[in-house]
Amino acid sequence: MNVKNIVDTLGLQIFSGEQGLDREITGGYTSDLLSDVMGHADARQIWITLQTHKNIMAIASLKELAAIILVKGYTPEQDTATQSNAENIPILGTTDEAFAISGKLYKLLEDAKL
Amino acid sequence: MQFQENCTSYWRMQNYKADLHIHTVLSPCGDLDMSPGRIVEEAKKKKIQILGITDHNTTRQCKVVKQMAAEENIFVMCGAEITTREEAHCLAFFENDEKLEVFQTYLDAHLPDIKNNPSYFGYQVAVDQNEEIIFQEERLLISALDQGINEIEKQVHALGGIFIPAHVDKPKFSLMSQLGFIPTDLQYDALELSKFTSKEVFLLQNKYLGNPAIIRNSDAHVPHLIGDAFTIFQLAELSFAELLKALHNKEGREIVAI
Numbered sequence: 001m002n003v004k005n006i007v008d009t010l011g012l013q014i015f016s017g018e019q020g021l022d023r024e025i026t027g028g029y030t031s032d033l034l035s036d037v038m039g040h041a042d043a044r045q046i047w048i049t050l051q052t053h054k055n056i057m058a059i060a061s062l063k064e065l066a067a068i069i070l071v072k073g074y075t076p077e078q079d080t081a082t083q084s085n086a087e088n089i090p091i092l093g094t095t096d097e098a099f100a101i102s103g104k105l106y107k108l109l110e111d112a113k114l
Numbered sequence: 001m002q003f004q005e006n007c008t009s010y011w012r013m014q015n016y017k018a019d020l021h022i023h024t025v026l027s028p029c030g031d032l033d034m035s036p037g038r039i040v041e042e043a044k045k046k047k048i049q050i051l052g053i054t055d056h057n058t059t060r061q062c063k064v065v066k067q068m069a070a071e072e073n074i075f076v077m078c079g080a081e082i083t084t085r086e087e088a089h090c091l092a093f094f095e096n097d098e099k100l101e102v103f104q105t106y107l108d109a110h111l112p113d114i115k116n117n118p119s120y121f122g123y124q125v126a127v128d129q130n131e132e133i134i135f136q137e138e139r140l141l142i143s144a145l146d147q148g149i150n151e152i153e154k155q156v157h158a159l160g161g162i163f164i165p166a167h168v169d170k171p172k173f174s175l176m177s178q179l180g181f182i183p184t185d186l187q188y189d190a191l192e193l194s195k196f197t198s199k200e201v202f203l204l205q206n207k208y209l210g211n212p213a214i215i216r217n218s219d220a221h222v223p224h225l226i227g228d229a230f231t232i233f234q235l236a237e238l239s240f241a242e243l244l245k246a247l248h249n250k251e252g253r254e255i256v257a258i
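Line order of the protein sequences matches chains A and B.
Position 94 of the first sequence, counting from 1, maps to 94 under my numbering, and the rest follow consecutively.
Position 204 of the second sequence, counting from 1, maps to 204 under my numbering, and the rest follow consecutively.
A couple of the hints might just be wrong.
Partial chain A-side listing against chain B, Cβ under 10 Å, derived [what the hints assert, rightly or not]:
1. D36
2. M38
3. T52
4. H53
5. A58
6. L62
7. D79
8. T82
9. S102
10. K104
These aren't lab readings, by the way, just hints derived from the structure by calculation.
Here a beta-carbon is modelled for each residue, glycine too, at the ideal position from N, C-alpha and C.
One chain only, chain A, in its complex shape (with noise of 0.2 Å):
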């Protein structure tokens, strides 16, 4: 599954970065505290988060993360966009809180293994 596929089901809003809507997805991880993303989220898992600084584009990128989702409707400050676009990782936008999407997408990911 890569993140247009997601994307496409969970009628996520593309706010930069479209270049690496084909990057595959393994799973996600949701926080808002960027020292623990940095240490626990995984390559290619899908970031969930209200952080819009633009230091979420470097553990993204760090953690070669596939994108970022924003929740409950944030969008991503300008230099983070710019960096997005740089990076090919792209930040999603959603008006759900963490909670919804997350069981949305962790859905997703366990019905795709089926």
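Position chain B relative to chain A; hints supplied.
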């Protein structure tokens, strides 16, 4: 002439003991004993010459402390400990009452309207010299502002203020915990460390920072912890401008020890 002036100024330099991160009774988590009078008394006992008053997201107790401290020749830097939208704590200080007032307006505009529940979080009251309550803040002061750290930094500096990310080494409410690392484009005047790490260890672990100004303060919420950590500054006199110079290692003003 220039040389002579510099010489005179060096000759007048003195070391001053500072604790720039102190909460008063107005902070919900600040002990009710943290009245202006008690803070000044404790600072005098600990031979602190510069106090920073930094309540959570408010500046409204500072002026009374400043007035009372002046009687003991203790200099007070008025400011606040701001919770950014990322929930990173940052200290800000302003040179005079007018600038402090403008910043208070900014805080009022950006603090969410969530009511304090004193039985959970503690009372949020400001008091006068006689410890009579003069103000009660209804909104919960430990909420995060709706402004990101870069926006807040710009606002502080637009007012000529000093901007210092607080206890950056701590695993909660710090720039490091919330944003993973210190953003390389953030314009800070210094970084504050907690007493749990040394400057040497911290900079070794974070080589990308180069050689920033590092200070250390108590973050005291109770009287006996005032001065528990402190910074020694070399200054020509006690003023906001001198302290700002010391943070930037200018004209012989400097941080001597933490």
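How the hints compare with the structure:
1. D36: With Cβ-Cβ at 8 Å, under 10 Å, it holds.
2. M38: OK, holds: M38 (chain A) within 10 Å of chain B, min 5 Å.
3. T52: For T52 (chain A), the interface hint holds, since the closest Cβ of chain B sits about 7 Å away, which is under 10 Å.
4. H53: holds (6 Å)
5. A58: holds (7 Å)
6. L62: holds (8 Å)
7. D79: D79 (chain A) check passes; min Cβ-Cβ to chain B is 8 Å, inside 10 Å.
8. T82: Because about 12 Å separates T82 (chain A) from the closest Cβ in chain B, which is outside the 10 Å limit, the hint is violated.
9. S102: violated (20 Å)
10. K104: Where the cut-off is 10 Å and the nearest Cβ of chain B is about 25 Å from K104 (chain A), the hint is violated.
The structure is inconsistent with the numbered hints 8, 9, 10, although it conforms to all the rest.
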